[in-house]
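Chemist: Each chain, letter by letter, is given below.
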Amino acid sequence: MARKLMKGNEAIAAAAINAGCRFFFGYPITPQNEIPEYMSRELPKIGGTYVQAESEVAAINMVYGAAGAGARVLTSSSSPGISLMQEGISYIAGAELPCVLVNVMRAGPGLGGVQPAQADYFQATKGGGHGDYRVIVLAPANLQEAVDLTQLAFDLADKYRNPVMVLADGMIGQLMEPVELSPYQPAAGLPAKDWATTGTSHSGGRRRIINSLYLYPDELEKHVRAIFRKYDEVERTEVRFELLDCEDADIVIVAYGTTSRIARSAIDKCRRLGLRVGLLRPITLYPFPFAAFEQVMGRARSFLVVEMSMGQMLDDVKIAVAGRRPIAFYGRTGGIVPTPEEVVKQVQEIAGGRVA
Amino acid sequence: MKVVYEKSPGLTDVPMHYCPGCTHGIIHKLVAETLVELDVLGRAVVVAPVGCAVFAYDYFNCDAQEAAHGRAPAVATGIKRVHPDNIVFTYQGDGDLASIGMGEIVHAAMRGENITVVFVNNAIYGMTGGQMAPTTLVGQPTTTSPTGRSRIGQGAPLRVCEMLATIEATTYIARVSVHTIPRLNAAKRAIKKAFQLQLENKGFSLVEVLSTCPTNWGLSPVDALRWVEQNMIPIYPLGVYKDVEGGT
Amino acid sequence: MPEVIFAENLCKGCELCITVCPTKILKLDTTRVNSRGYFPAIIYNLAECSGCGSCAKICPDSVITVHR
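Residue numbers (the working numbering), protein chains in the order written: chain A, 1 to 356; chain B, 1 to 248; chain C, 1 to 68.
Hints should not be assumed to be uniformly reliable.
Derived, one-sided and incomplete: chain A residues facing chain B with beta-carbon distance under 7 angstroms [as the list claims (entries may be wrong)]: (1) 54; (2) 62; (3) 65; (4) 213.
Simulated from the structure, these hints should not be mistaken for laboratory data.
Backbone N, C-alpha and C define an ideal beta-carbon position, used for all residues, glycine too.
Chain A extracted, bound-state conformation:
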C-alpha cells in the first residue's frame, strides 16, 4: 500500500485491521472517536464485527469474552474510559488473555479536559487495576510508529497472553501524517490458541475454562508467579527505546510520545546554541528501558524529564538513574502542550547551573 495521509486515530484502527483484528468493542469518548467510527465503517466490509458497548465497563468485558473465544480483539478509549476498564484489564491479565488496548490520553484527573496529556503513565505501567500484573505499554511518537506498534501489539499480546496497550495522546490521535500499511504477517512461532472456548466438540471433549479465580492461596501464588515469569521474559527481550545525539550529550532529555518530538525540536535549537543535549526516548514504557540509561550514563551529566503531566515517568527515571546524576523535571498539564522554546529554556537553566 502506498503512503497515505491519515489521521492518527484512523491509522491505528487501520493498523489493527491490517494485523488481523476483526472484532472491536468500544464506546465513544473524545479525543479518540475516530477509532470506533472507523471500525464501525470498515469492519462490516470485511466480515468483522463492531459493537458499540453501553460503557467502557461493558466494552472491556466484551473484549474479555471475545479474547477468551480466541479472537484478535481491540478496544480503544481515553483516560476516563480507561479508568473504567481497569477491573476488566486486571481480569484479562489474570485469565491470561491477549488483547490490544488503545489509550488516547487526555487531561485529567476526573472529567478533566480533552486536550493531550501524558498523565496516565502510572495507570498504564504500574497496574491501574487491582492485583499483581503488568500491561505491556508501547508509546508511539509519530503515526507510522503508531501503525507499527499497533501491529506489534497484537503479536506481543498473543505471544505473552497478556493485554498490550498502545499509549498515545490526543495529539497523536488527531494529527494527520503520511503512513504506510505494509502487508502484515503475524510474528513467527506464535502459540496456538488451544485454550480458547470454542466448544468441547472442538477440543475432543476437553473442557476449556477462562478464569482468574483461585481460592486456594497456594494455587493463586503459583499462578501469579507463573505470570510473572512471563514478565521476566518481557523485560529481558521486549525493551524498545531510541537514543538521539546522546554520544556527546551533557544533558539527556527523557521524553516519550508527542513530547519527544517537541524535545527533538528543542535539541536542534540547543545544539545551535552550543549546548550538547541528547534524547532518550522510551518506546516501551513497560518494560521500561533501564538499559538505555546505562548506555548514556558514562557521558551524561544530568537528565531532564519532560512530560505532559506532573511527573509520572519521572519516578521510573529516578529508579533508573539511582541517584547517580541530578534529574530535573519539566511538566505541563491541563491539556497544554509545551513548546520547544520552553524546553530550551529549561535546558539553559540546567546548563547555567540551576537544576529545576
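Assemble chains B and C onto chain A, guided by the hints.
Modeler: Just chains B and C now, kept in the frame of chain A:
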C-alpha cells in the same frame, strides 16, 4: 427396566458446593439436561457469575468463562459475536444481573444479542452472607436491611421480566419457579424454549427462576420452598412476559 | 418394582425429595450420617414406590437414579 431419571451428562462429576436444598442445583440440572437434549453440549459456553454460582464452570460439562460481577452479558456478547455457532448462556443471580449488572443485561437485551440468560432470583445476596438485593421484598429482613427492607430509602423490588419485556429486540422472557414438581417441569419447558430459540438464531431470551436461599432466609429447605409460593409469587408472578414466537 | 439408587454420600439431607414424594415413602435416616455429615435420605417402603422420579427430579445434587 428403563431409566426414569439419572444424573445428566450435561453436569460434571464435581460435587456441588451449594447449601442443602438450594435450588441452584435444580436449575443447573434443568439447563444441563436441556443442553444434552438439544444436542448442543459440545458447542455450549457458559458464562459464570460472581455469586453462589461462581463455580458454575466446575459443574456444567462444557466450556466456560468466568465473568466479573454483573458483566456476564457483555462477556457473552464477546463470545457469541466471535463464534455465532456456539450456544452461549449466562447464569446469573440477582446481585449480578439486577444490581451491578443492570446496564449490561439491559443493553444485551437492547441489542437483541442471540444469547440465553438464566436469571436465578432468590431475593437476597447469598454468597456474601445475606445482604439486601434489588429483588428483596419490602419488609424482608436481610443483613443490610435488618429491620426489613424499607419502602422509604430502600425502595421496592425490581421486576426484571416486566422491565426487560418492554425492550423491543427481546424474543422470549419468562418467569418460572422450581418449588413443586409441576412448576419444575414448566421451568424446564421454558428453559428449553429459550435455548431452542438461540439455536434457531431467534434472538435474546431470558428465564427468571424464583429460587430459595434457605441459609440466608433462615428457613429449612422445605420451608424455603413454601416461602417462594407464599411470598415471592405474589410479587413476582409466574408467566411468559414476552414471546415473539408464540405457542408457549 | 422400580429400582431407586441413592449416591448416598452426595446427599445433604435437605428433604426436598421427601416433600415431593406422592406416596410418602422417603425419610431421613437419622440413625447414621454420611461422609458429609448429613442424615441421608432413604426409601423405607420401596413396595409403595410408583417410580415417578419426582424425588430424583427435585434433588439438587443428583443423588437419586430411578429405573422402572
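Chemist: Of all the hints numbered above, which does this structure not satisfy? Sort the numbers upward.
Modeler: none
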